[in-house]
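If you want the building blocks of each chain, they are given just below.
Protein chains: 2
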Amino acid sequence: MGHRIVLPNKGSYEVFKTQEFQCPDPRPKEVKIEVYYSGVNFADCLMRQGLYQDAPAFPFTPGYEISGIITAVGKDSKYNVGEKVIGGTLFNGYCSEITLPEEQVIPLPNHFSLAEGASILVSYLTSYMVFIEQARAREGDEILIDCATGALGFLSYEILKKKNVDVIGLTSSPNKKEYFKQKGKTILLPTELGNRKFDIILNSRGGGTLKQDFKRLKPNGRLISIGISNALNASFFNKWKTLLTMPWFWVVRLINQNKGVFGLNVLNLFSTPEIIQQALSKLTTFDIKAPEVIIFKASEIGKAQRYIEQKKSTGKVLISWRD
Amino acid sequence: MGHRIVLPNKGSYEVFKTQEFQCPDPRPKEVKIEVYYSGVNFADCLMRQGLYQDAPAFPFTPGYEISGIITAVGKDSKYNVGEKVIGGTLFNGYCSEITLPEEQVIPLPNHFSLAEGASILVSYLTSYMVFIEQARAREGDEILIDCATGALGFLSYEILKKKNVDVIGLTSSPNKKEYFKQKGKTILLPTELGNRKFDIILNSRGGGTLKQDFKRLKPNGRLISIGISNALNASFFNKWKTLLTMPWFWVVRLINQNKGVFGLNVLNLFSTPEIIQQALSKLTTFDIKAPEVIIFKASEIGKAQRYIEQKKSTGKVLISWRD
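Residue numbers (our numbering), protein chains in the order written: chain A, -13 to 309; chain B, -13 to 309.
Hints may be right or wrong, so weigh each one.
When chains are identical, the list treats them as one kind, so a pair holds in a single copy or across two.
What the hints assert, rightly or not - Distance condition first, Cα-Cα at most 35 Å in a straight line; then the derived DSBU-like pairs of lysine-lysine:
| id | residue 1 | residue 2 |
| --- | --- | --- |
| 1 | 204 | 268 |
| 2 | 297 | 148 |
| 3 | 64 | 204 |
| 4 | 283 | -4 |
What the hints contain is simulated information worked out from the structure, not anything from laboratory work.
Work out the full structure: start from the sequences and follow the hints.
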């Protein structure tokens, strides 16, 4: 029997339940995977707080991404039992085994450990879509990212480095600034930005910060909004403030200022699998490194989410099913 | 004495006055130009109708672009008397002579006639900013432009051809469709678009058409709004309808749909001359052709603007000072 973590309703860190379940056998072109690690994302925390409009109805099992080893394959599968893989699950990823259609699975790149494999999918796809598909970053761009110190930031640096583009990170934590400076990255505190303007700004905080960042764009610059991380770990009032201050942009203002605004929710791109497949096919081309991983036991999922919400993470938070 | 066309107040095609004026001698790094042709633009018509918020106060001389021959140079000028040039005037272009700072002037490219020279600046800069700087078009993009049959459309085809990108034009006129089809261009009527979706859409009509075009974007696609040509030659009611239906885009909607919206007013980029200079420096690299020109006498400026407003033009409308 497999185990899975269920979110019965919205709540605090103790709300999760663990259930036994019978993982189905793989049908044609499906594979069954023994899960080693499940990735934990910002969006999962929003779901627990009832703030994520596209979440399934309660009760459900969150989780977008896993890594593990194939234990059974359906008819005509291109995979073999024993292969190490990464899987994109679109929910249900918090489980000890899972059966997935082959097109949601890729082989674990050789230079990745299984833990690193579970750390890469959502963050890589997000930074790929932001910088390669939406912003179309190119040499000479000045880029600001406000999530520089997490997995998404790490992979953004990796992808942009391959394109010969420099990035400036933004953090509100002097400790993190110091930590990343030692790793050779340019990270500034908000007070150090001055009047500096940028060609591309990645905003993950949402709310009123989007308007501030819009002002920081150079002519022909673009702002890319990917979420509302400021709503995490906020008071009830500030949570709703973040949601309600997500700005509207009048096209006449865009015209007068020669600027652009993009939005990205990588999960909604799973309905156009060719876009996802193309991004994944570049994963090996880019030959990028994986972010640092911070591993919690599966039974400590509440602790793992709190770690994310307290913005302590300098990498990717995972839960492990094998400890 | 020089002559210039003055717009004393808003009005119909007969509102223009012609004045004599004393064109100043060039100061250091300025040149004085005998103007052969002045370009007439959509925006000029909006100004005559009092619909252009960034126009100077009445009375003023409209006109963004001229071509002509240098008749005097200021101290330290890199130009010589007798050289053929194109000038960006930022208003005041409807005149028979003009003195301009050198950085607003470029030599007439060899393969252009003086008339072609006056046809290129605003349209080239606009299509360059739209497709190279904002949309960052690349091979494989599917592109729709709704101003395919004018000078801007022509130059967009030219620029994108050099980048190996195909364009689909949109026209509401079956006659224009036929005309451009014979020139080997793909032009569709709105009814022929079906459910086709695009990576990049250039919208010059404005108003409610922006929302329709937003729906026609593929995931990761971008809409670029450059004006409100639908307000031209419209009834009083429809003019204001176009202005008032310029949409607001909620960033949450952009996120959920993975789309972007840009705005462009190339004139506002003149405050960052390095962007303009860079675009102009590529004009020779691209080695593009000039659009067809339709020439009116300077005294027929009202007729020239009516021709634009009636959307009869299949190229660039100019007024000539030498007939």
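Pop the pair residue 204 and residue 268 into one bin, within, between, both or neither, using alpha-carbon distances up to 35 Å.
both (30 Å within a copy, 21 Å between copies)
Please sort residue 297 with residue 148 into within, between, both or neither, judging by C-alpha distance up to 35 Å.
Close inside one copy (27 Å), not across copies (47 Å); limit 35 Å.
When no copy is specified for residue 64 and residue 204, does a C-alpha distance of 35 Å or less occur within a copy, between copies, both, or neither?
Between copies only: 31 Å across, 48 Å inside.
Indicate which option fits the pair residue 283, residue -4 if close means a Cα-Cα distance not exceeding 35 Å: within, between, both or neither.
Classified as within; 21 Å inside a copy, 73 Å across copies.
When the structure is compared with the earlier hints, no violation turns up for any of them.
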